[in-house]
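A.B. asks: Sequence:
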Amino acid sequence: MQLRYNVRLYPTPGQQIALAKAFGCVRTVFNDGLRARREAREQGLPYISDGDLSKLVITRAKKTPERAWLGEVSAVILQQALADLNTAYRNFFASLAGRRKGPKVAPPRFRSRKDNRQAVRFTKNARFTVTANGKLRLPKIGDVPVRWSRTLPVEPSSVTVVKDAAGRYFASFVVETADDPLPDTTPDVGIDLGLTHFMVLSDGRKVDNPRLLRRAERRLRKAQKALSRKEKGSANRQKARLKVAKAHARVADARRDWVHKLSTQIIRDNQAVYVENLAVSGLGRTRLAKSVHDAGWSQFVTMLEYKAKRHGRTFAKIDRFFPSSKLCSACGALADKMPLTFARGRARAGHSTTGT
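Every letter in the sequence shown is one number past the one before it in the UniProt record's numbering, and letter 140, counting from 1, is 140.
Hints in this document: simulated from the structure, not taken from any laboratory.
Some clues are possibly wrong.
Stated by the list, open to error - Subject to a maximum C-alpha distance of 20 Å in a straight line, what follows is the list of computed EDC-like cross-link-like pairs (lysine to aspartate or glutamate): (1) Lys62 x Asp50; (2) Lys261 x Asp208; (3) Lys239 x Asp180; (4) Lys243 x Asp253; (5) Lys309 x Asp164; (6) Lys21 x Asp164; (7) Lys309 x Asp188; (8) Lys140 x Glu72; (9) Lys62 x Asp52.
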């Protein structure tokens, strides 16, 4: 199966300039391709094929004075930008035709230099390498220092270099790895996700919600207030914006680390894992939106799913209308009602039950 290994990069000032140029070129090619297809549609012309689009916005564009600077970066990252555009269109058309599961997919949108995330992808054709001294060698960028948290198990098929909203740089390697089955174990577990408790297990155990965003609210409010007082377009406003982004990044990093450790423990200790298939996007539009975001349910379920697949465990999502919260973990008795304010009750058989 394919896995991603993410590491922190520390490019030099010169390499940051080269990466900024790469981000800009990729963004331009993506936007030019999107604009060409939109204009063709508005004029009643046929859909521009992937090959013709590549010739139009890369090959021919490089020969014009307006786009000659596209030749200053690796051609591979430009082709990958169009590959992303083509994938976005295919997903959109499949969603329109009902061939794609899940929520409706919007059409591709133009990218902006102000987007929180800037990224370029290098494939094997770009001949990127990890040097003997552990640096990441990127074409027309140079040898970028890396902080390795673990070694790559095999040679990666691609690497995506990302600059996040906090101004940090990361490399995301895609590697193809064999499954790593864990020794068989006896327990199966059902998981009921919630807000008062992050989850309640079918054996009655509870895991408290760390509420990382709530705990950081005072610091976030202070940074946000300072940002609102800065003049738009000023250097001080940019510095204040970075402070806000870094505060949010610390919360996201802490949540990701906590969810990683918890999901690994669940998969290691149980042969089969069953979890409620929650409509997280719908809950995100209710008065509970901030708490739902803070909980990180989707991230947790995604990690459970891929770790179960890799380690030979059974994983299944249970329909969200199954009344798991109303069932007593000791005797299986079904409660009549379960309001959001419910904290603790007793089943008809006398067993204590705890909601989420």
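A.B. asks: Please write out, lowest number first, the hints stated earlier that are contradicted by the structure.
C.D. replies: Numbers 3, 5, in rising order.
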